[in-house]
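The chain contents come next:
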Amino acid sequence: MTELIAVEDLAAGYGGPSALEDVTFALRRGERIGVLGPNGGGKSTLFRVLLGELQPLRGRIRSAGGFGYVPQTERSRLDYPVTALDVALMGTLSRVPWWQPIARAERERALAALERVGLADRARKQFGELSGGQRQRVLVARALVQDQPVLLLDEPFTGVDEPSAQLLELLLDDLAADGRGILIATHDVEQVARWDEVLCLNRRQVAFGPPEETLTPAVLAETYGAEIVRLEGVPAALLPPHHH
Amino acid sequence: MPLLLGGAVGVLGAATAVALAGRAPEIGRDTAVGIVITTLFGLGVLLALSQAAPPGLGQLLFGDLLGVSRKDVIVSATLAGLVVGALALLHRQLLVVGFDRSTSRALGAHPLLVDLALLGLVAVTVVIGVQALGNLLVIAIVIGPAAIAALLGGRLATMMAAAAAIAIGCALAGLYLSYYANTAAGASVAAVTVGLYLLVRLGASIRRSPPGLA
Ligand SMILES: Nc1ncnc2c1ncn2[C@@H]1O[C@H](COP(=O)(O)OP(=O)(O)OP(=O)(O)O)[C@@H](O)[C@H]1O
Ligand SMILES: [Mg+2]
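Respectively, the protein sequence lines represent chains A and B.
The numbering of the first sequence is the working numbering, which starts it at 1 and goes up by one.
The numbering of the second sequence is the working numbering, which starts it at 1001 and goes up by one.
Just chain B, with the same shape it has in the complex:
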């Protein structure tokens, strides 16, 4: 648990660094993410290779989907509930800032607050996912279902609900796959998510292109 707590503090610190670095006009937001992640990743590798690395760091990197305890599940569920609640509260602001950042202030939104809150929520989400999938595979379950839902279209709120449902479906399917195919659990979940994304993407492009060109 202290490891998770340390991880949470680290991730929140990184999120703030990204938000602040991204505000400097000469550094784009993507660049800011790149810089912060590379720096921290390097730092993490240095720490992991040192003699004094705490046991369990390996688990943080690769996760242990089948090893989560009842307590882990309760903590994760509580955090997930908080994230959903915060998203519901922030929804109107998120919508306005995402739609047109430059006029969002004139409409009564607070873009910096939205940035910080969103990065904070992503940080909490990553911390939840890291326990099960580890630092490296967590990206798949955070980004994948959202990307699939975006391909399916609709309104923002429906997309968010669809993404959550898709994530649950992929997690279950991944677990079955790992059971029958005898593969690593976390990697199977990630593989199912990525596979589904590719399928939906293919389907969407076939549907969009006129007959005869597909």
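In isolation and in its complexed conformation, chain A is listed as follows:
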């Protein structure tokens, strides 16, 4: 099957009113889906349900395999005695049984992953002594080491400088070209316009589809709430003609 994830009429929450409703979308091989939404819109909640950390209140999720995962804010302790390489190697836990020692090939794979995020020269540095953006990239390298068919990236560009962000974006393009499916939560509308599909969440699914259909003023207004819409970020070509 080419569908890596198929989600149908999903609802999820934390006990109170549901944090997310009416979510229906599919992620196919080679696709990058940008997940847009305001703070509290339910992006991380969607990832948590997909990962199985949170039980859905309703709906169905079919998925073809495991997930590589880059969490949003790194909640990792900065005084923890690990190097960047150690953190990248943590990604092996989802493939190599936990009681087995790490083989040389895995070490090389982790070094290659650090190289792909532009941190080859920082492999032996203590994780806590890296800058915030570098730590974020180490976590992306860890997800690469996980080597799963689907990647869930929760705001991976936060705190990452412009050159590194470009590197990351090219990396995502490569991974998609390899046939992986990628779900990326972000606040950057301009960036989302370059990807294959857009999922707009505001406590429920506002829209899902290709950027040229979803990045309309009406949808963005509904996604972000009318009072704070700023459309400077959207390429003019995306706006329907009658709005010009």
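Please note: incorrect hints may appear among the correct ones.
Quick list of simulated restraints, FRET-style, between CB atoms [to be verified]: (1) A/Thr-73 / B/Leu-1136: 39 to 45 angstroms; (2) B/Leu-1005 / A/Asp-121: 53 to 59 angstroms; (3) B/Leu-1113 / A/Asp-174: 33 to 39 angstroms.
Because the hints were derived from the structure by calculation, they are not lab data.
Here the structure is a predicted model, which is why all the values come from computation and not from measurement.
Glycine included, C-beta positions come from ideal geometry on N, C-alpha and C.
Here the structure of chain A is known, so what remains is to put chain B with the ligands in place on it, guided by the hints.
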């Protein structure tokens, strides 16, 4: 030996109680440790004061470093070997869960298993140490060397090896101290450990503060 066995069962029970109590969201892990230890300590004092207290309970409280038999040493060494083996097996999981508990499951770790295993291993370690140092001083040799190694820095595996080496060094130094200064053996080992910690701590803070401020 039955006393040690009973102690082991008790400690494992306490470890499980701590793990389970700590999972209740309204009780923090530190609080759980506090509650369980205080409860059991009170229970222990009650039992120790009763007429029917088994002989040797005093030894359990204060240990007898110079009185350990050959058999005790063999049992301790075997248990210590098992602890080291289990730590090696668990190392990758320990690393992930300790680093970021909330995403550890998504990475393929089993946080509850790691918690229980770690508490179990601490329990076995305490049982080993109790024979020599007793219930009260054992804390010094379990926590002290690890705290010293943490101050020295490095990666987790190196830190663990360093802590073990420091513990052995402190034990030997403590024994010499007790021989020449004619002090109690267990207390001397604990004192050396605590003393070394304070020294290293002082050294670390002098090294870190900029010149002129030290
Ligand atoms: N652990 C939790 N317990 C209770 N409510 C939560 C929890 N986590 C999130 N929520 C609530 O669920 C809603 C959606 O949160 P979520 O983290 O999914 O938003 P988000 O789209 O990721 O936002 P952001 O852009 O800030 O990361 C919010 O209203 C939030 O308060
Ligand atoms: Mg979020």
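Outcome of the hint check:
{"no.": "1", "hint": "A/Thr-73 / B/Leu-1136: 39 to 45 angstroms", "result": "42 angstroms, holds"}
{"no.": "2", "hint": "B/Leu-1005 / A/Asp-121: 53 to 59 angstroms", "result": "54 angstroms, holds"}
{"no.": "3", "hint": "B/Leu-1113 / A/Asp-174: 33 to 39 angstroms", "result": "36 angstroms, holds"}
Violated hints: none; the structure is consistent with every hint.
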